[in-house]
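Asker: Make a model of the complete structure from these sequences and hints.
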Amino acid sequence: MSGSGALALGAGLALAAYAFWLRRGRQEAHRANAILQASNERLAGALAMREQFLATTSHEIRTPLNGILGMTQVMLADAGVAHGLRERIEIVQSAGERMRALIDDILDIAKIESGHLTLTVAPYDPTGLLREAARFWQMAAERKGLAHRITIGPLPALLLGDEARVRQILFNLLSNAVKFTSAGSVSLEAAEMDGRLVILVADSGIGIPADQQAAIFDRYRQADGGAVPGVAGTGLGLAICRELADAMDGTISVESVPGRGAVFRIDLPIVEAAAGVMQPGDAALVS
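For the sequence shown, the working numbering gives the first residue as 91, with consecutive numbering after it.
A couple of the hints might just be wrong.
[Said to hold, decoys possible] Computed list of lysine to any residue pairs in SDA-like fashion (alpha-carbon distance at most 20 Å, straight line): (1) Lys201 / Ala273; (2) Lys234 / Lys201; (3) Lys234 / Ser265; (4) Lys201 / Arg152; (5) Lys234 / Ile179; (6) Lys201 / Thr146; (7) Lys201 / Thr147; (8) Lys234 / Ala185; (9) Lys201 / Ile151; (10) Lys201 / Gln258.
[What the hints assert, rightly or not] Ranges of calculated distance between the beta carbons of each label pair, as one might list FRET restraints: (11) Phe226 / Leu175: 21 to 27 Å; (12) Pro348 / Asp168: 41 to 47 Å; (13) Met161 / Arg355: 34 to 40 Å.
Source of the hints: derived by calculation from the structure; they are not laboratory data.
Since this is a predicted model, take the numbers as computed values, not measurements.
We put the beta carbon where it would ideally sit given N, CA and C, even for glycine.
Answerer: Below, the structure is given as structure tokens:
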């Protein structure tokens, strides 16, 4: 065989080998994609089943729990209840409220992970919402002997947004403020700044070390609460607050000095109800 013939044969063999490996690579890629797609479908199915299970279970728990909380409210409204019994009823009520909050947190994390969390946009009264949240946690603060202050600057009469989700953020932050403060005060401040609704929740509690301040907004992560006996939780509350703030085009941040308390800042866009693009009651999917 001549030199040119051998060269041509070698080139042909090389091309054939390249075509073979290319075809084989494509087949392996197709198989890998098929396996990945099947895995994704199984994962999506598992997430859907988990969400359905949690929703069903939470409903079964909520029904009797709401009955318990309703009865404690009726009993606490009775001025004739003796002081010692009232304290015991308040303990039951507080435990029930924590359980309900835990159920809400677990459900919301499941919805966030599966991409099914929605925001319901409707007009709401921001000043009324802030006062409601402050009143709700005032009793818990007073039971611990904490001073409780609220300061609200001028705000629009109606804003367009998800009132329930804003309330959820407020309740989570105020709950933590009361929980991690054994002496001193808890405060709630709100004002309009540069077209944004700025809310500050401050306490004089144990504070958060600088190296843990970023991590407290991660799921299933908590700052060290060992200095406060009996403090426990899932580490979901602040993670949910951040997810909700992000979904509403807002931010949440913290400033803290260990031993001197913490200040959480929520910054949300102000959209007055009359200027809203979405109609009241519209739902937006949070991806």
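Asker: Going through the earlier hints one by one, which of them does the structure break, listed in rising order?
Answerer: Violated hints (numbers, rising): 1, 2; every other hint is consistent with the structure.
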